[in-house]
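Chemist: For the protein sequence lines, the chains are W and V, in the order given. Numbering-wise, our numbering puts 93 at position 93 of the first sequence, and it's gapless, one number per residue. Numbering-wise, our numbering puts 30 at position 30 of the second sequence, and it's gapless, one number per residue.
Hints in this document: simulated from the structure, not taken from any laboratory. Take the hints with a grain of salt, since some may be wrong.
[What the hints assert, rightly or not] Only part of the chain W face toward chain V is listed, based on derived beta-carbon distances under 10 Å: (1) F37; (2) A85; (3) K88.
[To be verified] Under the rule of at most 16 Å between Cα atoms (straight-line distance), these lysine to aspartate or glutamate pairs were calculated in the EDC-like manner: (4) K63(V) x D87(V); (5) K53(V) x D146(W); (6) K78(V) x E89(W); (7) K45(W) x E103(V); (8) K120(V) x D146(W); (9) K52(W) x D116(V); (10) K149(W) x E35(W); (11) K56(V) x E55(W); (12) K53(V) x D34(W); (13) K56(V) x E29(W); (14) K53(V) x D116(V); (15) K66(V) x D116(V); (16) K45(W) x E68(V); (17) K53(V) x E35(W); (18) K45(W) x D57(V); (19) K72(W) x D146(W); (20) K45(W) x D87(V); (21) K72(W) x E68(V); (22) K39(V) x D110(V); (23) K56(V) x D34(W); (24) K78(V) x D33(W); (25) K72(W) x D110(V); (26) K52(W) x D110(V); (27) K78(V) x D34(W); (28) K56(V) x E35(W); (29) K26(W) x D118(W).
Heads up, the beta-carbon is just placed ideally off N, CA and C, and yes, glycines get one too.
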Amino acid sequence: MKHYITLFIVAFMAMAATAQNNAIDKFFEDYQDDENFSMVYVSPKAFRMVSKVAEGTEGEMKELQEVIKDLKALRILRTEVNSLAKYKEATKRINTGSYEILLQARDDGQKIQFLTKDSGNVIEELLLLVGGEEEFIMLSFVGKLDLDKIANLAAKLDIDGAEHLSKLKEK
Amino acid sequence: MSMTIPGWLVRGGTSAAFKDLGDESDQAGLKLIAKSLGKVRVLVAKEGVVPTKAIKDLIISAKGNKYEEYVTVRDNGKIVNVMVKQDKDIVKNLLVLASSDDEFVIAHIDSNLSMDQLQKAQISWNDERNKNKN
Chain W
1 MKHYITLFIV AFMAMAATAQ NNAIDKFFED YQDDENFSMV YVSPKAFRMV SKVAEGTEGE
61 MKELQEVIKD LKALRILRTE VNSLAKYKEA TKRINTGSYE ILLQARDDGQ KIQFLTKDSG
121 NVIEELLLLV GGEEEFIMLS FVGKLDLDKI ANLAAKLDID GAEHLSKLKE K
Chain V
1 MSMTIPGWLV RGGTSAAFKD LGDESDQAGL KLIAKSLGKV RVLVAKEGVV PTKAIKDLII
61 SAKGNKYEEY VTVRDNGKIV NVMVKQDKDI VKNLLVLASS DDEFVIAHID SNLSMDQLQK
121 AQISWNDERN KNKN
């Protein structure tokens, strides 16, 4: 009986985690075709290809390979239309309580939240939410994440929103 | 406007083109990749000729034909989709769709490009660069 109860609890937790991931996926799906949003999606296969190609190289490519070899996916949504409302919608739809708050800040009227989801000592997802009068940004990295390396990657990414990743170094 | 370039011309033409493209370090890596390229097809359409729905249907159809989405970027009315059909670690087809307010471009490349070849090209490129620096 105890075994079945344990199985039920584990299954329920797995479903809750899946539902949470689905909330983020659903948010991206709802707005990825919205013309008011800029969107970036890099798939697991793309990361795997770049990581494979960069194996055995030196210098900058080696540094990039170290960062991306454990990344699974990157998604970014950004808008300047109704940005504060979109931020509030995102925090409402995504149960940020199920994430650990890594960093919260307020800067020039913008609210910035770094949220992480861990499995043991490994960070499996980094979620960045930025919301203010001027812009709303949602950035999701999935994979085995090293925060220092992600912060270094920010300097190399010429993508709107990625500059906030450098704040990870301030933690 | 549409254009189809047969594989033999792609492979032969790139050798001649690369002589004037960059330096030896650039050419080393590019030659390795060029050997694996096949037919290239390009279609360019002016604004309004290809409806947005048709582009979306094309992407759905490509996914149904085992093309996988690698990268999608949309910004300020411009959209770029990069889709790849792979056979294990070999890139068999590359499909790039780029649309903006002014035009729509689709490029389709046949290839037999393995990850190992891409890696060798990258390493060769880096080795040549390091040689030139020293």
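Chemist: Confirm or reject each hint.
Modeler: Taking the hints in turn, this is what the structure says about them:
Because the closest C-beta pair between F37(W) and chain V is about 7 Å apart, less than 10 Å, the hint holds. Because the smallest distance between the Cβ of A85(W) and any Cβ of chain V comes to about 21 Å, over 10 Å, the interface hint for this residue is violated. Hint on K88(W) is violated. Least Cβ distance to chain V is approximately 23 Å, over the 10 Å limit. For a cut-off of 16 Å, the pair hint linking K63(V) to D87(V) stands: about 14 Å separates their Cα positions.
About 40 Å separates the Cα atoms of K53(V) and D146(W), which puts this hinted pair outside 16 Å; it is violated. The straight-line distance between the Cα atoms of K78(V) and E89(W) is roughly 26 Å, outside the 16 Å bound, and the hint therefore fails. A threshold of 16 Å between alpha carbons decides the hint, and for K45(W) with E103(V) the separation of about 28 Å lies outside it, so the pair is violated. A C-alpha spacing of about 27 Å is found between K120(V) and D146(W), which places the hinted pair above 16 Å, so the restraint is violated.
A hinted pair counts as satisfied when its Cα atoms are at most 16 Å apart, and K52(W) with D116(V) qualifies at roughly 8 Å. With a C-alpha separation of about 32 Å, the suggested pair K149(W) and E35(W) falls outside the 16 Å cut-off, and the hint is violated. The straight-line distance between the Cα atoms of K56(V) and E55(W) is roughly 35 Å, outside the 16 Å bound, and the hint therefore fails. For the suggested pair K53(V) and D34(W), the alpha carbons sit about 14 Å apart, so the restraint of at most 16 Å is met.
Pair hint K56(V) plus E29(W) holds up; C-alpha atoms about 14 Å apart against a cutoff of 16 Å. With a C-alpha separation of about 37 Å, the suggested pairing of K53(V) with D116(V) is violated against the 16 Å cut-off. In summary, the hint linking K66(V) to D116(V) is not supported, as the alpha carbons are separated by about 22 Å, beyond the 16 Å threshold. Between K45(W) and E68(V), the direct Cα distance comes to roughly 8 Å. Compliance with the 16 Å bound is thereby established for this hinted pair.
Annotation: proposed proximity of K53(V) to E35(W) holds, straight-line Cα distance about 14 Å (limit 16 Å). With a C-alpha separation of about 22 Å, the suggested pairing of K45(W) with D57(V) is violated against the 16 Å cut-off. For the proposed pair K72(W) and D146(W), the alpha carbon gap of about 13 Å is at most 16 Å, so the pair holds. At most 16 Å may separate the alpha-carbon atoms for a hinted pair to count; K45(W) and D87(V) meet this at roughly 13 Å.
The straight-line distance between the Cα atoms of K72(W) and E68(V) is roughly 15 Å, inside the 16 Å bound, and the hint therefore holds. Between K39(V) and D110(V) the alpha-carbon distance is near 5 Å, which keeps this suggested pair within the 16 Å criterion. About 13 Å separates the Cα atoms of K56(V) and D34(W), which keeps this hinted pair within 16 Å; it holds. Proposed proximity of K78(V) and D33(W) is supported: the alpha carbons are some 12 Å apart, at most 16 Å.
In summary, the hint linking K72(W) to D110(V) is not supported, as the alpha carbons are separated by about 26 Å, beyond the 16 Å threshold. Proximity of K52(W) to D110(V) is assessed by CA-CA distance (about 21 Å); at most 16 Å being required, the pair is judged violated. Annotation: proposed proximity of K78(V) to D34(W) holds, straight-line Cα distance about 13 Å (limit 16 Å). A threshold of 16 Å between alpha carbons decides the hint, and for K56(V) with E35(W) the separation of about 14 Å falls inside it, so the pair holds.
Distance check on the hinted pair: K26(W) and D118(W) sit about 21 Å apart at the alpha-carbon level, beyond 16 Å; violated.
Consistency with the previously given hints fails for numbers 2, 3, 5, 6, 7, 8, 10, 11, 14, 15, 18, 25, 26, 29, ordered from lowest to highest.
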